Amino acid sequence: MNFSLLMILLTPIFGGLLAYAGSALHKAVRNIFFLIFLILPFFELYQYANKTIDNFYYLTVLGQSLSLGINALSFMLSLLFSLIFLLAYIFLLFEFDKSEDSDLAILEFSFLEGAVFGVLFARDILSFFIFFEIIALIIFFLIGKGYEESHNAQLKYITWALIGANSMLAAVVFLFFKAGSFGYAEISGYLSTAPTPIVLITFVLFVIGFLIEASIMPLHVWAPITYAEAPDSVSVLLSSVVKKVGLYLFTIFVFSIFGLNLFSKIMPRVFEAPLIMYVLQWIGALTIIIGTFVAIVQEDAKKILAWSSIAQSGYILLGLSLGTPLGVAGGLLHIVNHSIFKGILFFVVGGVIYRTGTKNLSELGGLIKKMPISFISMLLAIIATAGIPPLNGFVSKYLIYEALIQNKEPLLLTIALLGGTGSFMYVYRLIHSIFLGQLPKKYEGVKEVPILMQVPMLVLSLLALLFGVLPGIPMYFVSKAEAFLGFDPIKYTLTGFPEQPGLHALNVPIISAALMGGFVVAALIFYLLPKTRSVHQLDNYYAGEILTEDVKYNYSFGFYSFFDDIIKPFNEWSIDRIYENFVGFVKTVGDYIRRIYTGNLETYVSLGIIILTIFSLIYIIGGVLW
Amino acid sequence: MVNLANPTLLVVIPLFFAFLSIIISPFLKKLIKFVPLIVSALNLVVIYFIGVKVLYGSIVLGTTAGLNPPYVIILAVDKLNFIIVLMVNVLGFLISFYNIFYMKEEPTDKFHILFTLLIMASSWISITGDLFNVFVAFEVLSLSSFGLVGYMRSKDSIEAGFKYVVQGILAGSLLLIGVVLIYAQTGTLNMAHIATKLDYVGSLEKLVPYVLIFFGLAVEGALFPLNSWLPDAHPAAPSGISAMLSGIVTTTAIYAIIRVTVTVFNYSAFIPYLFIIALLTLFFGEIAAFFQKDLKRMLAYSTIGQTGLFVLAFSVGTQASISASVAQMVNHSFSKAVLFLVAGIMIEAQGSRNIDDLKGFGRVNILTSILFVFAALSLIGVPPFFGFFTKLAILQTLLDFPGFLGYLSFALVLFAAIIEGVYFYRVFKILFEKSDKNFQAENPWLVISPFILVLILVILSSRPMSVLNFTNDIANQLIQRTIYLTSVLGGLK
Amino acid sequence: MIFYISALLIIGIGIYALIIKKNLIKIIIGLDLIETGINLLIVSIGYVNGKTAPIFSKDVMNASLMVDPVPQALTLTSIVIGASELALAAAFVVLLYRKYGTLDIRKIRSLRW
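Just so you know, the protein sequences line up as chains A, B and C, in that order.
Mapped onto the UniProt record's numbering, the consecutive letters of the first sequence carry residue numbers 1 to 626.
Mapped onto the UniProt record's numbering, the consecutive letters of the second sequence carry residue numbers 1 to 493.
Mapped onto the UniProt record's numbering, the consecutive letters of the third sequence carry residue numbers 1 to 113.
For the record, the hints were derived by calculation from the structure and aren't laboratory data.
Treat the hints with care, since some could be wrong.
In the PhoX-like style, the derived pairs of lysine-lysine whose C-alpha atoms are separated by at most 25 Å in a straight line are [what the hints assert, rightly or not]:
id, chain 1, residue 1, chain 2, residue 2
1, C, Lys107, B, Lys155
2, A, Lys587, B, Lys104
3, B, Lys110, B, Lys155
4, C, Lys21, B, Lys155
5, A, Lys27, B, Lys434
6, B, Lys155, A, Lys98
7, B, Lys104, B, Lys53
8, B, Lys29, A, Lys156
9, A, Lys265, A, Lys370
10, B, Lys110, C, Lys99
11, C, Lys26, B, Lys155
12, C, Lys21, C, Lys99
13, B, Lys155, C, Lys99
Only a predicted model underlies this, so the values are computations on that prediction, with no experimental measurement involved.
Construct the entire structure; sequences and hints are all you get.
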């Protein structure tokens, strides 16, 4: 059967509407309806596995046909996003099981998936913009269904999304005005001969829009609060899908529409990259370092994940903006890998919140025995986050490091490595405070999350492990995508990479085996040497103090306070504060400006008369002069 | 057989019913409330017959006496007139339906008579081909809207009404001086005739009447220095009237400005000033709207901003820009009318106009809130709603404006779009916020009109390009002045 | 010429009253002055020295001996409109006095910003 791209785009939307109608009958009807329509895209996408389609017209605007198309990159991402949408939907059913918003949430969810497909399939600057704005709109409403502070998050998110959208709109209209067409190909053709200022201005305008959605450093202000306060399934989507949509667009625009050749032509090269790409590398690096350090000192589980997500998109940006086959492969692979492991983390934390009702780390602890499956999933995910083999995060980070070495950029490499260490610090904090240590009394009755809720975590964990041990699987898609972007794809095997220029041979199973060997040694030592003995909490020495059982003795608040002390001076000039001051200034000015409506009749009348006189005078004098 | 395609009927029918209802109101007070509904329905029938002819490119004329133009008062309908008068009567019809259920305190007969007059005057302005008629229709419009604004007789509405009256009278005077000065130079009041004669008048002699007429119309059209009555009057008036003032009165005034500027004066020299005024209007309107706590006052300031937007588009002066401007006008009229009508429902349900008191309203009355959201999204220009395509067209034409000013306005429009987006999204946020407040359920009768309007907006959104193509036809017909001039001056047998 | 100047003068006085005076009644008087000035202006535009009223009668049957009739028609219309508007304004003043207990415009500014 032949499915057109428009059908794929409309499938989830149609399913959502059907499910919304079905919710009148019974919840189960609704759930199953929608589930079917979330699975359908996989089958529909199957036929596009090896095709590049460019022209599928669906609408005509301002005399221009808008078209849909698919290529290797968008095929890979649409497959990945369909999976994450499916899993997030399963999670959402549980998360919203008691809420009255569930029907509406499902409807919005379906539109979100349709819009995401729309951005991926767009082949012109107008359609991508349309779908991008729909994403922002729906995310706005979805966020509002979250935690207490979510309404502040909504406003912050939409302000930034509007700034990004209008900045992109400026570039879209401007390019259309100049090039007379919306199509990616025509725009690209126009840009290759356009004057330098136009290229630079439109590029910056577009990139602002993308990087806001990707929450890259100076434009990330909305992200922590939004990620933390949105419903958990929406946080997954924000981090694993919406952010990646921004980065996907960044990739397409940098390599396919503007093109590195264009940049090299109009600006000097620094470290083998055009200047603007070099600046972007540094922005990525700053995002890594600041995001990681701030994540370390957070006390809220979802805030940690939010900052971690910011930091990880710094890696992706850094890899992509290197502009070498190696760096781009690393960036694209990290897009896939980060979607997977950050998805697990959000799912696990969401499951913990589902059972315990808090996301404050200092109130949690010792859940390992109560929620073993969640614990194992999170363990895998944090290994991946920290970039340790044999999980998937390792391979992509390895590629990025190697690419940095190949470009001879020691400073950036140091930062990236430092970020790796930092990420281990915050993920350890996360698993420690949630699963290890003492179990608070009130959580004695906590059970593992329902089996269906475990499915998302387990599926993604397996994927993380699979992609970690056999990086050839994702590399199959990534190298095709790279070929589409115009690079020579790097060579790969199922288990790693052969020796090639700039990249040392890597065989993950062997490395993993060596690592396992280390673990075996450690385990032997652990089990052979005299055993540790667990003691009762009250079986202890104390002086003058009365010990009670309900006091927790594990260390979970201010975990990294020494580290906090180190970075505290820098908090003084945090970016948030700069923005807040700026907004305060703008508000004050605006408040004065609007006072022109004084409520005094004579002001209004005289203002009118004055302007009338001025205009007449200007015109008369002007008429006499000319 | 009566020729129904006669523009005169559009004025005569409402006028007849208005006078009739004054006579019969002592006996049949209860029935008066259906008068505006009937009137606009009848008008719509007439508009249908006119529209059939207009859409084929002809200009439909109607006269009041047996003589030939330019010696009689003439009513002419071309495509631009057609779309404006259609909008007036569609909105008039739906809003009067809304008013039937909104105005509860009997007796309401005077209210509905005034409303009939408002529909009449708006239709009249939008079809007249005579400059003095513009003035007279304008005064009828002002008088009826003064009465409607002050109708509630609360402290607010009287204060707003008085300020509106003073500025309205001033505006009428300016308009009248302008018209009279034109007459002094050309010896005629027929727009087409004036236009042919003004070609021989010096630019300075043209300027003074133009400025006066422009400022006279700008008061009702809510352009910057003269729009201060608007944010006072809209919140104070009953919601149906706010919708009418915002959706119709402003639009017809801007229509009149367009007609006078393009057809009568053919005036490109004034465009930079128009441009600056529109920019200031946009800027001040949006900034002031951002700070409002009162829902209807916020919408009123937003009206100012939107007016600035489409006058800005118009003032670029090309065919594409006029087309974009008219399309935005349509978008604004429909969506702002919905917003005011829905705001009326909200205010009725919670008893206060403060936005913060609406917390959680959307969880109780979901249909009303969704209508609000849809209309607001179309107004801000979020794709895939109709407003996005008009905004796109406007932005594109702004780049046509020569020099630095074009880029400046381009940036300012985007800036205004951000501000506007933020304050509307803030309302959405409050609507769907969790709260324990209890609201009355929405009155289903009140929801019908905004619902139909949103349906119209959705239909427009599904075929944005056919609307823009139609407005392009309008702009084309408007720019080719000779067609209008010759068919008005020689068209009637 | 004297008509034009005096008409503009009257309009100017009206605008002055509108801007400077704080009393509602005086503001209305200012509006009235503006309208009167305009009416004078209209009539004087149509006036031709030494000609009679534009009414066909036994004495005058020749149209070229009459002044322009259109401005006089306009004046009648504008007088009617002006009178009704001022009546409405006066009604508002009465209501304002009942609600606010003052006629000072400076005290009636609860609606602003």
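Tested hints:
1. Taking the CA atoms of Lys107 (chain C) and Lys155 (chain B), the gap is about 13 Å. The hint holds against a cut of 25 Å.
2. A hinted pair counts as satisfied when its Cα atoms are at most 25 Å apart, and Lys587 (chain A) with Lys104 (chain B) does not qualify at roughly 41 Å.
3. Restraint check for Lys110 (chain B) and Lys155 (chain B): the C-alpha separation of about 20 Å stays at or below 25 Å, so the hint holds.
4. Between the alpha carbons of Lys21 (chain C) and Lys155 (chain B) the distance comes to roughly 22 Å, so the proposed pair stays at or under 25 Å and holds.
5. At roughly 23 Å between alpha-carbon atoms, Lys27 (chain A) and Lys434 (chain B) fall within 25 Å of each other, so this suggested pair holds.
6. A C-alpha spacing of about 47 Å is found between Lys155 (chain B) and Lys98 (chain A), which places the hinted pair above 25 Å, so the restraint is violated.
7. For the proposed pair Lys104 (chain B) and Lys53 (chain B), the alpha carbon gap of about 41 Å is over 25 Å, so the pair is violated.
8. Proximity of Lys29 (chain B) to Lys156 (chain A) is assessed by CA-CA distance (about 53 Å); at most 25 Å being required, the pair is judged violated.
9. With a C-alpha separation of about 60 Å, the suggested pair Lys265 (chain A) and Lys370 (chain A) falls outside the 25 Å cut-off, and the hint is violated.
10. For the suggested pair Lys110 (chain B) and Lys99 (chain C), the alpha carbons sit about 22 Å apart, so the restraint of at most 25 Å is met.
11. Among the hinted pairs, Lys26 (chain C) with Lys155 (chain B) is consistent with the structure: their alpha-carbon atoms are about 21 Å apart, no more than 25 Å.
12. Between Lys21 (chain C) and Lys99 (chain C) the alpha-carbon distance is near 21 Å, which keeps this suggested pair within the 25 Å criterion.
13. For the hint pairing Lys155 (chain B) with Lys99 (chain C), the CA-to-CA distance comes to about 6 Å; that is within 25 Å, so the pair holds.
Hints 2, 6, 7, 8 and 9 from the list above are not met by this structure, while the remaining hints are.
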